[in-house]
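Q: Just so you know, the sequences run in chain order R, S and W. Going by our numbering, the first sequence opens with residue 24, and the numbers climb by one from there. Going by our numbering, the second sequence opens with residue 16, and the numbers climb by one from there. Going by our numbering, the third sequence opens with residue 6, and the numbers climb by one from there.
Just so you know, these hints were derived from the structure itself, not from any lab. Keep in mind it's a predicted model, so treat the numbers as computed, not measured. For every residue, glycine included, the Cβ atom is placed at its ideal position computed from N, Cα and C. Some hints could be false.
Stated by the list, open to error - A short list of chain W residues far from chain S (calculated; beta carbon distances all over 12 angstroms): (1) Leu41; (2) Val106; (3) Asp147; (4) Gln162; (5) Gly164; (6) Phe169; (7) Leu239; (8) Phe266; (9) Leu291.
Claimed, not checked - As a list, the in silico SDA-like pairs of lysine to any residue whose alpha-carbon atoms are at most 25 angstroms apart: (10) W:Lys214 <-> R:Lys147; (11) R:Lys271 <-> R:Lys419; (12) R:Lys381 <-> W:Ile181; (13) R:Lys394 <-> W:Leu182; (14) R:Lys419 <-> W:Thr271; (15) R:Lys394 <-> W:Phe266; (16) R:Lys43 <-> W:Gln321; (17) R:Lys140 <-> S:Gln26; (18) R:Lys381 <-> W:Ala171; (19) R:Lys419 <-> W:Phe266; (20) W:Lys214 <-> S:Ile335; (21) R:Lys147 <-> S:Thr209; (22) R:Lys381 <-> W:Val185; (23) S:Lys104 <-> S:Pro138; (24) R:Lys394 <-> W:Val185; (25) R:Lys394 <-> W:Ile186; (26) R:Lys381 <-> W:Phe184; (27) R:Lys140 <-> S:Ile335; (28) W:Lys214 <-> S:Phe203; (29) R:Lys140 <-> S:Ser210.
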Amino acid sequence: MTADPFLEIRNVSKQFGATKALESVSLTLYPGEVHALLGENGAGKSTLIKIMTGIYQPDSGEILLQGRPISLHNSAQAQNHGIAAIYQEPLVFPDLNIAENIFISHQRRNPMVRWGKLYRDAEKVLAQLGVALDVRALARGLPLAAQQTVEIAKAISMDVRVLIMDEPTASLSIHEVKHLFGLVRNLRKAGVAILFISHRLDEVFEIADRVTVFRDGQFISTAPVAEVTPERAIQDMVGREIGDIFVKEPSPRGDVVLSVKDLSREPRFRNINFELHAGEVLGLAGLVGAGRTDVALALFGIAPAQNGHITYLGKEVRLHSPKQATQMGIVYVPEDRRQHGLVLPMSLTANISLPSVKNYRNQVGMVQHDKEQTTAEHYRQQLTIRTSSLSMPAGKLSGGNQQKVVLSKWLNTNPRLLILDEPTRGIDVGAKQEVHRLINNLAQQGMAILMISSDLPEVLAMSDRILVMREGQQMGIFERHEATQETIMAAAIGQTLERAANE
Amino acid sequence: MNKIRRWVPLQRLREFSLVIILIIVVLIFGNQIDNYYTPRTFNRISSTVALITLVAVGQTLVVLTRNVDLSVGSVVGFTAYYVGRYVSKNEDISPVMLAALAMSIGAGMGLINGLLVAYGRIPAIVVTLGTMAIYRGVLVEYSDSKSVATRQLPDWIKELPQESILKYGEYELRALPAIALVAAIIFFFLLLYTSFGRRLYAIGSSPEAANLAGIRAPRMVTLAFTLCGAMAGLGGMLYLARFGTITVDAARGMELQVVAAVVVGGVNILGGSGTVLGAMLGAILIGTIEQSLIRMNINEFWKDALLGLCIIIAVSVDRILINQLTPWWSRTELQRMPEEHHAAA
Amino acid sequence: MQQPKRWARLKNWETLMFIILCVVVVGNLRLSEHYLDLNNLANIFHLSIEKSLVVLIMAFVIINGEIDLSVASVMGLAATVLAERYEAGWPIAAGFAMALVVGLVCGLLNGLFAAYMGIPSLIVTLAGSIGYRGVARILLEDNSVGDFPNWFTSLGQDGLIGPFPATIFVFLALFILGFVILQYSVFGRYVYAIGNNRAAAEYAGINAKQVKLTIFMASGLIAALAGAFYAARLGNVRANAAEGFELDIITIVLLGGVSIFGGTGTMIGVGLSLLVVLNLRNGMSLSNVDGNTQTSVIGILLILSVLVPNLFQLLQRLLPRVFSTISGFTNKGGAPEPKSQVSIHQ
Numbered sequence: 024m025t026a027d028p029f030l031e032i033r034n035v036s037k038q039f040g041a042t043k044a045l046e047s048v049s050l051t052l053y054p055g056e057v058h059a060l061l062g063e064n065g066a067g068k069s070t071l072i073k074i075m076t077g078i079y080q081p082d083s084g085e086i087l088l089q090g091r092p093i094s095l096h097n098s099a100q101a102q103n104h105g106i107a108a109i110y111q112e113p114l115v116f117p118d119l120n121i122a123e124n125i126f127i128s129h130q131r132r133n134p135m136v137r138w139g140k141l142y143r144d145a146e147k148v149l150a151q152l153g154v155a156l157d158v159r160a161l162a163r164g165l166p167l168a169a170q171q172t173v174e175i176a177k178a179i180s181m182d183v184r185v186l187i188m189d190e191p192t193a194s195l196s197i198h199e200v201k202h203l204f205g206l207v208r209n210l211r212k213a214g215v216a217i218l219f220i221s222h223r224l225d226e227v228f229e230i231a232d233r234v235t236v237f238r239d240g241q242f243i244s245t246a247p248v249a250e251v252t253p254e255r256a257i258q259d260m261v262g263r264e265i266g267d268i269f270v271k272e273p274s275p276r277g278d279v280v281l282s283v284k285d286l287s288r289e290p291r292f293r294n295i296n297f298e299l300h301a302g303e304v305l306g307l308a309g310l311v312g313a314g315r316t317d318v319a320l321a322l323f324g325i326a327p328a329q330n331g332h333i334t335y336l337g338k339e340v341r342l343h344s345p346k347q348a349t350q351m352g353i354v355y356v357p358e359d360r361r362q363h364g365l366v367l368p369m370s371l372t373a374n375i376s377l378p379s380v381k382n383y384r385n386q387v388g389m390v391q392h393d394k395e396q397t398t399a400e401h402y403r404q405q406l407t408i409r410t411s412s413l414s415m416p417a418g419k420l421s422g423g424n425q426q427k428v429v430l431s432k433w434l435n436t437n438p439r440l441l442i443l444d445e446p447t448r449g450i451d452v453g454a455k456q457e458v459h460r461l462i463n464n465l466a467q468q469g470m471a472i473l474m475i476s477s478d479l480p481e482v483l484a485m486s487d488r489i490l491v492m493r494e495g496q497q498m499g500i501f502e503r504h505e506a507t508q509e510t511i512m513a514a515a516i517g518q519t520l521e522r523a524a525n526e
Numbered sequence: 016m017n018k019i020r021r022w023v024p025l026q027r028l029r030e031f032s033l034v035i036i037l038i039i040v041v042l043i044f045g046n047q048i049d050n051y052y053t054p055r056t057f058n059r060i061s062s063t064v065a066l067i068t069l070v071a072v073g074q075t076l077v078v079l080t081r082n083v084d085l086s087v088g089s090v091v092g093f094t095a096y097y098v099g100r101y102v103s104k105n106e107d108i109s110p111v112m113l114a115a116l117a118m119s120i121g122a123g124m125g126l127i128n129g130l131l132v133a134y135g136r137i138p139a140i141v142v143t144l145g146t147m148a149i150y151r152g153v154l155v156e157y158s159d160s161k162s163v164a165t166r167q168l169p170d171w172i173k174e175l176p177q178e179s180i181l182k183y184g185e186y187e188l189r190a191l192p193a194i195a196l197v198a199a200i201i202f203f204f205l206l207l208y209t210s211f212g213r214r215l216y217a218i219g220s221s222p223e224a225a226n227l228a229g230i231r232a233p234r235m236v237t238l239a240f241t242l243c244g245a246m247a248g249l250g251g252m253l254y255l256a257r258f259g260t261i262t263v264d265a266a267r268g269m270e271l272q273v274v275a276a277v278v279v280g281g282v283n284i285l286g287g288s289g290t291v292l293g294a295m296l297g298a299i300l301i302g303t304i305e306q307s308l309i310r311m312n313i314n315e316f317w318k319d320a321l322l323g324l325c326i327i328i329a330v331s332v333d334r335i336l337i338n339q340l341t342p343w344w345s346r347t348e349l350q351r352m353p354e355e356h357h358a359a360a
Numbered sequence: 006m007q008q009p010k011r012w013a014r015l016k017n018w019e020t021l022m023f024i025i026l027c028v029v030v031v032g033n034l035r036l037s038e039h040y041l042d043l044n045n046l047a048n049i050f051h052l053s054i055e056k057s058l059v060v061l062i063m064a065f066v067i068i069n070g071e072i073d074l075s076v077a078s079v080m081g082l083a084a085t086v087l088a089e090r091y092e093a094g095w096p097i098a099a100g101f102a103m104a105l106v107v108g109l110v111c112g113l114l115n116g117l118f119a120a121y122m123g124i125p126s127l128i129v130t131l132a133g134s135i136g137y138r139g140v141a142r143i144l145l146e147d148n149s150v151g152d153f154p155n156w157f158t159s160l161g162q163d164g165l166i167g168p169f170p171a172t173i174f175v176f177l178a179l180f181i182l183g184f185v186i187l188q189y190s191v192f193g194r195y196v197y198a199i200g201n202n203r204a205a206a207e208y209a210g211i212n213a214k215q216v217k218l219t220i221f222m223a224s225g226l227i228a229a230l231a232g233a234f235y236a237a238r239l240g241n242v243r244a245n246a247a248e249g250f251e252l253d254i255i256t257i258v259l260l261g262g263v264s265i266f267g268g269t270g271t272m273i274g275v276g277l278s279l280l281v282v283l284n285l286r287n288g289m290s291l292s293n294v295d296g297n298t299q300t301s302v303i304g305i306l307l308i309l310s311v312l313v314p315n316l317f318q319l320l321q322r323l324l325p326r327v328f329s330t331i332s333g334f335t336n337k338g339g340a341p342e343p344k345s346q347v348s349i350h351q
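Required output: the full structure, derived from the provided sequences and hints.
A: Have a look at this one:
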């Protein structure tokens, strides 16, 4: 590590409306280091990336490049300074081929495209990374890992000095992560400063030289990795001891509500088998991309399964549309609230009544607003939705309150089976606990609940049984008393099976 | 097979299938119509296609960026009138200067569209729906509802459509199709070999990624609209040459034909993919069907109904086939990745 | 959805439209003393009654996030079918019914291709607009059919109450129906939900395809009705009947505060915009302005209606930056960039 920092963020603040996304944070990047940035959702990591890449401008504070203050107004300027970012969801141009994708930002320099040279150069860059891809192929349809490789190649081709990697491993398989780390080490050797953002602590400890922690938009700590322990990092991130999470109380297990046999939809998942009882919470654990959401979508009728049997309330059913699933009492609280859960510009009331709005008709078929309002008011009190008005657009609420609106809309349809996909992702601690209590109460009342979650403490605390998936396969079902973070994680990353598969 | 897949982009395949369809169509008509394979048929079809091709080539640039220009019909109409009026007063102006005049008027109108779309941030369909009416209104005001008549025009412009550039036996490449062909070739290379062209694809393919890659989309989009307008302006001059008489209704409704040609030619209306070659083939296919039907004695009024059918079939087949084909076509690449992993490990 | 819905931010679109309407009315009053004549007032609506009818359904189509460019051709085709059947010896009522059925079939085709095959409705209805017009040409070639029975033409021409013909009352009834359905019914709720966020609506168990198909079929039906009225008003039909009407219709809807991206707009706004456009045209006609020029004035109005709110936003965004450049400081309290620029994750 050389003495002079390459990039310095000094006391940068950024505010959106009433929320302070960043409060006077600082960060220093040296050439040839991998600097890990840790923080929970909402800690301000994404905002910082956007400031570093010129998409946002800071309200105050400064950015120093090799000691000189710079201002970044757009991503082109950031690129000119050698700052590039790779996102969790790579942003490639699907209609351009790989070579063009790699060199897209170079085109400002020469007005003509020399295809032969372009292809050769692209192959060279990829060879530098130790990979070979057909550079003539369109980026459309490339697997995520290959797309990320393209993004990295793009960054390298621009003589990148600072590479920001925002959760690059979230959707990668173990193999691919290993390969990615190889690339990162090569870049480090070449003197690039890497800001590495990940939720996976083991990865951070494997690759990082220094670790910085943010919490609620504030700088908490920076330390060399040798001086940091996972326990301390977690403490810094959450600012509290692990252990004050709400734990589900035992509930009477009722009849079988849902029974799934050999359910498959290639290539997403195959041979899934489980039974779910009334009053039970079945946790669905696994890494991102393990096919958990796909199972949920099959049960909700959005992407129906190709093979296998679903028995619901004693009858075999074929689920082919959300409408049908909803009518049968199967409902799904999606992972992406803003895209799939809510119609953001519509009022809270209209969102809550959306699936059941037919029940609010009077004799001539008009929607009775007063009755809708009464229902919405009921849920506002029951679920403590914090809002000044029920006619406010759902988009203006905080994440936690939005999630409560989504839950309200489904509870109002009297479901028998509730599928939750990452029910507490991106919501604050208080709301999280309220959602956990709600899940507990619903189970006590006899609802069958299938809960997908990547938050291990949550899965362990809230589930009666836990089904673990890995790469589309069911790795096993654990009873609550036999499950620990270690056993679940081991199953999710397939450590024991990995070796056998490799031989 | 893998080699073909590797070296032939899907887009070429699409264009190739258009050529096949075109051949089939020609064979069917040849079978139905006596004396179909004659120079006369060729010359007639090529003259009709020229105008649509010219405007469709410009439209392609705009559609690639996820926009659409519905005002081209009005631009063609206005420039045709303006140039006609101008040339009737200044008979000694050179053809090149006249073309330059027509193109600059068109470019100016396109620039207005582009600025409103790119910097005014108004959806293209709204802007060009508006300017379509506005430009037509400008024509009406300017012309005071009078028309340009053939007899007012200098001879060279009247004879331009009969002028033959290349001759092979009785098959001629006349001036209008030659101009359209040159324009198509220029724009084909512009889109394929200049970074401006590639950036148009990038913008249409993924606006977010384009923004992150530092592409100045507003500037590119404005330029695309301006070029589209310039082509429509040149189209206006050719329209004048071909029809001679220009009323305030000149080229009304042409935008539909142009957009149809672009879409049939496989340019994705949602931006990002398609070529000038495809648009030209689309125009040729539509023009051939249209002109051949006129020759068929059953009923020339069938032309529009068949054109509508043709568009919907082209788009549906494209959607189904290409959707099925794309993943398969690019599968080879996907398999190379893991192999490489093992090699590297 | 690429652009944020700026229209939604201008909360009182209706108020703005109302003010413009007042300005137009006052202008017309000063322009001509005949403006308030009962006959002129009837004329304002009477001469554009067919477009007005289709505007009602077009509002549904666009709020739902689609577009229907084929309405004018369906109008022409319906009028043609009615005339052709009449000429073939059918009673006019049967021809009328046939025209409505044809309209419904056109709408069904549009809906099947757009909603069920997933082809952009811009393309589907563009093909429709060429194709349906083509069918009309096959039926009538370049003939003109007239001599309809008196009762039929009087339906479109003669005053039912005072100078107001029956068609105006059909329009009023449909306006109220459309208003109630869009603003107060379950179906209307679905239309908005799908237009705003189709995925979320489908995740809420709404069958978006079915709703879209229904709207396209209704669009075909209303366009056919309007086409039949057009035949009744003019008393004769040619294959090019109602050509180019779609632009006026779409313009009125967009001017009424309906976003081209779907999800926003109200029936009241569209009604007010209809009044503005009709009165503006009437005023210009009273002062002998050419029809094409009238259309271009409306085109300018359409562009301004979106441009002005956008410019205000742009100024808001630019001014702090300009200020910061001058003072040498990075900007303070600048409004966040619009979403369209930063739709990366989160």
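Q: With reference to the structure, classify each hint as holding or not holding.
A: Evaluated hints:
no.: 1; hint: Leu41; result: 28 angstroms, holds
no.: 2; hint: Val106; result: 18 angstroms, holds
no.: 3; hint: Asp147; result: 8 angstroms, violated
no.: 4; hint: Gln162; result: 27 angstroms, holds
no.: 5; hint: Gly164; result: 32 angstroms, holds
no.: 6; hint: Phe169; result: 29 angstroms, holds
no.: 7; hint: Leu239; result: 19 angstroms, holds
no.: 8; hint: Phe266; result: 7 angstroms, violated
no.: 9; hint: Leu291; result: 18 angstroms, holds
no.: 10; hint: W:Lys214 <-> R:Lys147; result: 48 angstroms, violated
no.: 11; hint: R:Lys271 <-> R:Lys419; result: 31 angstroms, violated
no.: 12; hint: R:Lys381 <-> W:Ile181; result: 21 angstroms, holds
no.: 13; hint: R:Lys394 <-> W:Leu182; result: 23 angstroms, holds
no.: 14; hint: R:Lys419 <-> W:Thr271; result: 21 angstroms, holds
no.: 15; hint: R:Lys394 <-> W:Phe266; result: 31 angstroms, violated
no.: 16; hint: R:Lys43 <-> W:Gln321; result: 21 angstroms, holds
no.: 17; hint: R:Lys140 <-> S:Gln26; result: 22 angstroms, holds
no.: 18; hint: R:Lys381 <-> W:Ala171; result: 35 angstroms, violated
no.: 19; hint: R:Lys419 <-> W:Phe266; result: 20 angstroms, holds
no.: 20; hint: W:Lys214 <-> S:Ile335; result: 18 angstroms, holds
no.: 21; hint: R:Lys147 <-> S:Thr209; result: 22 angstroms, holds
no.: 22; hint: R:Lys381 <-> W:Val185; result: 16 angstroms, holds
no.: 23; hint: S:Lys104 <-> S:Pro138; result: 39 angstroms, violated
no.: 24; hint: R:Lys394 <-> W:Val185; result: 18 angstroms, holds
no.: 25; hint: R:Lys394 <-> W:Ile186; result: 18 angstroms, holds
no.: 26; hint: R:Lys381 <-> W:Phe184; result: 18 angstroms, holds
no.: 27; hint: R:Lys140 <-> S:Ile335; result: 35 angstroms, violated
no.: 28; hint: W:Lys214 <-> S:Phe203; result: 38 angstroms, violated
no.: 29; hint: R:Lys140 <-> S:Ser210; result: 14 angstroms, holds
The structure does not agree with the numbered hints 3, 8, 10, 11, 15, 18, 23, 27 and 28 stated previously, though it agrees with the rest.
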